[in-house]
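Participant: One letter stands for each residue in the lines below.
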Amino acid sequence: MTSPNPPVAPAAKRSLRERIDLERIGLALAAPVLAVLLSLIIAGGLLAVSGRDPFDAFSIMWNYGTASDGQVAVLNKATVYYLAAAAAAFGFRMNLFNIGIEGQYKLAMMFAAFVGSQVDLPAFLQIPLLLVVAMCVGGLWASIAGLLKVYRGVSEVISTIMLNAIATAVIGVLLVPGIFAPKTGGTTNSIQTEKISDSSHFFSIETQGGTLWGFIVIAVLVGVAFQFTLNRTRFGFDLRATGRSESAASASGVNVKRMVITSIVVSGALAGLVGLPELMQNTPYFGQNVQTGLGFIGISVALLGRNTPIGIAFSALLFAFLDASGAQLPTRGDYPSEIIPVIQGTIVICVVVAYELVRRYGLKRQQQKVGAELAAQAAAAAQKEVAA
Amino acid sequence: MVANHDIDITVQRGTVHALMGENGAGKSTLMKILYGMQKPDEGTIAIDGEQVEFSTPADAIARGIGMVHQHFMLADNFTVWENIVLGGEHLHGIGAKAKARIRELSDQYGLGVKPDALVEDLGVADRQRVEILKVLYRGARILILDEPTAVLVPQEVDALFDNLRELKAEGVTVIFISHKLHEVLSVADAISVIRRGTTVGDADPRRVTARQLAELMVGAELPSPESRESTVTDTEMLAVEGLRIAKPDAEGVERVVLDDVSLRIRKGEILGIAGVEGNGQAELVEAIMGMLPLDAGTVTLDGTDLTGTLTRARREAGIGYIPEDRHRHGLLLEAPLWENRILGHVTERPNSKGVLLDPAGARADTQRIVEEYDVRTPGIEVTAASLSGGNQQKLIIGREMSHSPKLLIAAHPTRGVDVGAQAQIWEQIRSAQREGLAVLLISADLDELIGLSDTIRVIYRGRLVADADPATVTAEDLGSAMTGAATGHIESDPEALAEAQAVAAEGTEAAHAAPADDAPSDAPSTDTADDEQAGE
Numbered sequence: 001m002t003s004p005n006p007p008v009a010p011a012a013k014r015s016l017r018e019r020i021d022l023e024r025i026g027l028a029l030a031a032p033v034l035a036v037l038l039s040l041i042i043a044g045g046l047l048a049v050s051g052r053d054p055f056d057a058f059s060i061m062w063n064y065g066t067a068s069d070g071q072v073a074v075l076n077k078a079t080v081y082y083l084a085a086a087a088a089a090f091g092f093r094m095n096l097f098n099i100g101i102e103g104q105y106k107l108a109m110m111f112a113a114f115v116g117s118q119v120d121l122p123a124f125l126q127i128p129l130l131l132v133v134a135m136c137v138g139g140l141w142a143s144i145a146g147l148l149k150v151y152r153g154v155s156e157v158i159s160t161i162m163l164n165a166i167a168t169a170v171i172g173v174l175l176v177p178g179i180f181a182p183k184t185g186g187t188t189n190s191i192q193t194e195k196i197s198d199s200s201h202f203f204s205i206e207t208q209g210g211t212l213w214g215f216i217v218i219a220v221l222v223g224v225a226f227q228f229t230l231n232r233t234r235f236g237f238d239l240r241a242t243g244r245s246e247s248a249a250s251a252s253g254v255n256v257k258r259m260v261i262t263s264i265v266v267s268g269a270l271a272g273l274v275g276l277p278e279l280m281q282n283t284p285y286f287g288q289n290v291q292t293g294l295g296f297i298g299i300s301v302a303l304l305g306r307n308t309p310i311g312i313a314f315s316a317l318l319f320a321f322l323d324a325s326g327a328q329l330p331t332r333g334d335y336p337s338e339i340i341p342v343i344q345g346t347i348v349i350c351v352v353v354a355y356e357l358v359r360r361y362g363l364k365r366q367q368q369k370v371g372a373e374l375a376a377q378a379a380a381a382a383q384k385e386v387a388a
Numbered sequence: 001m002v003a004n005h006d007i008d009i010t011v012q013r014g015t016v017h018a019l020m021g022e023n024g025a026g027k028s029t030l031m032k033i034l035y036g037m038q039k040p041d042e043g044t045i046a047i048d049g050e051q052v053e054f055s056t057p058a059d060a061i062a063r064g065i066g067m068v069h070q071h072f073m074l075a076d077n078f079t080v081w082e083n084i085v086l087g088g089e090h091l092h093g094i095g096a097k098a099k100a101r102i103r104e105l106s107d108q109y110g111l112g113v114k115p116d117a118l119v120e121d122l123g124v125a126d127r128q129r130v131e132i133l134k135v136l137y138r139g140a141r142i143l144i145l146d147e148p149t150a151v152l153v154p155q156e157v158d159a160l161f162d163n164l165r166e167l168k169a170e171g172v173t174v175i176f177i178s179h180k181l182h183e184v185l186s187v188a189d190a191i192s193v194i195r196r197g198t199t200v201g202d203a204d205p206r207r208v209t210a211r212q213l214a215e216l217m218v219g220a221e222l223p224s225p226e227s228r229e230s231t232v233t234d235t236e237m238l239a240v241e242g243l244r245i246a247k248p249d250a251e252g253v254e255r256v257v258l259d260d261v262s263l264r265i266r267k268g269e270i271l272g273i274a275g276v277e278g279n280g281q282a283e284l285v286e287a288i289m290g291m292l293p294l295d296a297g298t299v300t301l302d303g304t305d306l307t308g309t310l311t312r313a314r315r316e317a318g319i320g321y322i323p324e325d326r327h328r329h330g331l332l333l334e335a336p337l338w339e340n341r342i343l344g345h346v347t348e349r350p351n352s353k354g355v356l357l358d359p360a361g362a363r364a365d366t367q368r369i370v371e372e373y374d375v376r377t378p379g380i381e382v383t384a385a386s387l388s389g390g391n392q393q394k395l396i397i398g399r400e401m402s403h404s405p406k407l408l409i410a411a412h413p414t415r416g417v418d419v420g421a422q423a424q425i426w427e428q429i430r431s432a433q434r435e436g437l438a439v440l441l442i443s444a445d446l447d448e449l450i451g452l453s454d455t456i457r458v459i460y461r462g463r464l465v466a467d468a469d470p471a472t473v474t475a476e477d478l479g480s481a482m483t484g485a486a487t488g489h490i491e492s493d494p495e496a497l498a499e500a501q502a503v504a505a506e507g508t509e510a511a512h513a514a515p516a517d518d519a520p521s522d523a524p525s526t527d528t529a530d531d532e533q534a535g536e
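If you're matching them up, the sequences are chains A and B in order. Taken in order, the first sequence gives residues 1 to 388; the numbers are from the UniProt record's numbering. Taken in order, the second sequence gives residues 1 to 536; the numbers are from the UniProt record's numbering.
Warning: the hint list may mix true and false statements.
To be verified - Simulated crosslink set (DSBU-like; lysine-lysine; CA at most 35 Å straight-line):
#1 A/Lys364 - B/Lys99
#2 B/Lys32 - B/Lys247
#3 B/Lys267 - B/Lys114
#4 B/Lys267 - A/Lys369
#5 B/Lys32 - B/Lys168
#6 B/Lys180 - B/Lys39
#7 B/Lys97 - B/Lys168
#8 B/Lys168 - B/Lys114
#9 A/Lys369 - B/Lys32
#10 B/Lys267 - B/Lys39
#11 B/Lys247 - A/Lys364
#12 B/Lys168 - B/Lys99
#13 B/Lys99 - B/Lys114
#14 A/Lys257 - B/Lys180
#15 B/Lys406 - B/Lys247
#16 B/Lys267 - B/Lys168
#17 B/Lys353 - B/Lys247
#18 B/Lys32 - B/Lys99
#19 B/Lys114 - B/Lys97
#20 B/Lys168 - B/Lys39
#21 B/Lys39 - A/Lys369
#22 A/Lys257 - B/Lys247
#23 A/Lys257 - B/Lys353
#24 B/Lys168 - B/Lys180
#25 B/Lys180 - B/Lys353
#26 A/Lys364 - B/Lys32
#27 B/Lys180 - B/Lys97
#28 B/Lys247 - A/Lys369
#29 A/Lys364 - A/Lys257
#30 B/Lys32 - B/Lys114
In short, the hints are calculated from the structure, not lab data.
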């Protein structure tokens, strides 16, 4: 009883059928599919009420999404969304709400742009350097919230929201001529950093639909590393345990304080990557007109994707498709592009509710199944006794 | 799923009817149905011969059924009167009339509740009386008590039973759920035993012995308690010196929860800690586990000083832990069994190799634990939440024992566990003790403490105030030390001790004298009516 290695047949590789539980997959898919359908119905209703044909609007979006230039645009957007969602999901897996991705990625992007414009190394050094700089800045900025939570009991929701505002102010202070922006005004009126060196440009793939950003490779790597860390390492187990039950994790020997800091720093470091595709593939400088709101999109995408690397890949594609094709609505017909945020918003609200319902249903169903199976076993045993 | 099937229970008006059964036997499901929290698929409930159907607890309350839960639901910062009126404002208002009604009920049933006392000033037993009064205030004529004695010391249990007899005399029907055999025998007028979701028999408390009842519950003959020889050695395993912890309470006032606690456990020794809950037992455990920072004192395991180390290091050093609240501290309820097997031992084989997890190894070992410790489950991929309490506990014990601990901290190891599993768990603890395990046993069940421990210490208000030799102490004397009435070394009157031991022995002998087929252990009893009516 006390021997840790008993002579029990080693669990053979579980067969494919054991691994694939159709019911579980069905339950997992039910919620997001229903949420998407419901939000399309609501958005369609809104369009119809305002006197426009919803089916025409949806077909414009669909046609754009199936054209090759549309697909490339969707993939590029999805790359960015995926990184933001991975940052959010990493925190969520531990019940940490990192609302500060917004501030983390902007600050990281600015520092990366500055370093990229000042340093000119060969590309195989320059690009890793920029990645590391961005991740360090994002992680450090996020660590403030982690330290506040652990040592002062400040909720990370509050502190990261505040840090977003502070990040904007910090950018305002640093992005002035003489510090991060060149002394002499550039050709435009807006203030921005100098252009990053040519060696800082990330590779891209030319397709018939346009330029596909090579950063998609980084996004895939992040997803793989995310999955591996969470499911195959001790650290990942501790993190998931803490997310499921902090009290049980702490009794099991997880150092919860250190875990909080580590995971929020990792989340911040991932957030640091969010701005880089834009910087290293599209706009080679950081200026006042940088894209905002990516952090919040990331939170929505993570929620829809249920914080799993595969799930957020699909939800990032969906959100990217909605955004990219929605931009076509005003130009190709008389449709307001505001319908897209409506769709996205209803998806998120519905999906949060639906996941909770599905979770409870699944738990209850499993309890019932276990009860039924045990009862069947007991009945079989009783029958055997009678026969004997 | 079939949690309950063919349950036939007939409860007579004005009686105390005990409902006994293994954990997971379906007692709680049955109670939920009676209280309107769940709907039956089949069958009927009749009160006073009238068929009723409940879809919410409110329906049940309207029909005069009241439930006193195991965990009290009272607002601490309210007075007794406010707590009772809360949610029942429409009955007698919230003013003097309500207060008068509370006094009247309290006098009528001899509960002795003071309406103006603050609930936070009340002890556990008083709070329970408030809960009972709360239910009576809402007009209950049928009272369901869910394991009411779990939190009480023996003297309080006696007082509760007096209250129940009073209620009975006034015509109130009491359904009493418990798995403490001698309590049921002393208070119940009728007993129904549930096993695997069905009634297996009714018993007459005047004619049945504790042992027969236990066998009825488990459905098999219990192993008789073996004569034990001491396995205590001279080697010291755990030494705790001068432990002190002060915590600010809700009002911010510093409260000393552990004060100068010192204890030693030798290899092969079981040290029992007796005490009313909330006297520092939980903090003592958490201090030894490294989950609470110490203000003073040291913890030494097998010669290694663990005072400043983290919980994980202590677990790796060989401390096994069966937590008091397995849902909060022992399990990840929504994770599969094999992940729960990893919990607490993630750095050890077979759960991991280096920094990587070894899911295959963990799965294989979980399968072994399930088989060796008789965890009843259809597989190791189901979530821990879908197992019954007893099976969850067996999994935890299997997990902790699998890492050859030097010290096992067992906090209420058999709480909420059925009699069959209880015997198994005791046997596992004893066999590990024979192999030199040191055990710190914390329990509210005094019979368990006396039966299992080599030494007993009594904790009261954060201090170890008394000690006793389990061979020379009765539960009653231990109980009075737990309320702070006795200190130092306690030894019971030899006469009382002999009597208590005789009572225990009688149960054993009676079981041996009665032939096995005398007890209706296998077939469902036929002495319940054939029709599917259950009710009063």
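Participant: Do the alpha carbons of B/Lys39 and A/Lys369 lie within 35 Å of each other, as the hint requires?
Facilitator: Answer holds: B/Lys39 to A/Lys369 is near 18 Å, not above 35 Å.
Participant: Are B/Lys267 and B/Lys168 close enough, with their CA atoms no more than 35 Å apart?
Facilitator: Violated, at roughly 50 Å.
Participant: Does B/Lys168 pair with B/Lys114 here, judged by a C-alpha cut-off of 35 Å?
Facilitator: holds, 22 Å
Participant: Run the distance test for B/Lys32 versus B/Lys114: straight-line Cα separation, threshold 35 Å.
Facilitator: The hint holds at about 31 Å.
Participant: Is B/Lys32 within 35 Å of B/Lys99, Cα to Cα?
Facilitator: With a Cα-Cα distance of about 31 Å, the restraint between B/Lys32 and B/Lys99 holds, given a limit of 35 Å.
Participant: Is B/Lys406 close enough to B/Lys247, meaning Cα to Cα at most 35 Å?
Facilitator: holds, 30 Å
Participant: Holds or violated: are the alpha carbons of B/Lys32 and B/Lys168 at most 35 Å from each other?
Facilitator: Judged against 35 Å, a Cα distance of about 23 Å means the pair holds.
Participant: Compare the distance between the alpha carbons of B/Lys97 and B/Lys168 with 35 Å, and conclude whether the hinted pair is satisfied.
Facilitator: holds, 26 Å
Participant: Given the proposed pairing of B/Lys180 with B/Lys353, does the C-alpha separation stay at or below 35 Å?
Facilitator: violated, 45 Å
Participant: Check whether the Cα positions of B/Lys168 and B/Lys180 lie no farther apart than 35 Å.
Facilitator: With a Cα-Cα distance of about 20 Å, the restraint between B/Lys168 and B/Lys180 holds, given a limit of 35 Å.
Participant: Would the pair A/Lys364 and B/Lys32 pass a check requiring their Cα atoms to be no farther apart than 35 Å?
Facilitator: Since the Cα atoms of A/Lys364 and B/Lys32 sit roughly 15 Å apart, the hinted pair holds (cutoff 35 Å).
Participant: Could you grab the alpha-carbon distance between A/Lys257 and B/Lys247 and see if it respects the 35 Å cut-off?
Facilitator: holds, 19 Å
Hint violations for this structure: numbers 1, 2, 3, 4, 10, 11, 14, 16, 17, 25, 27, 28, all remaining hints satisfied.
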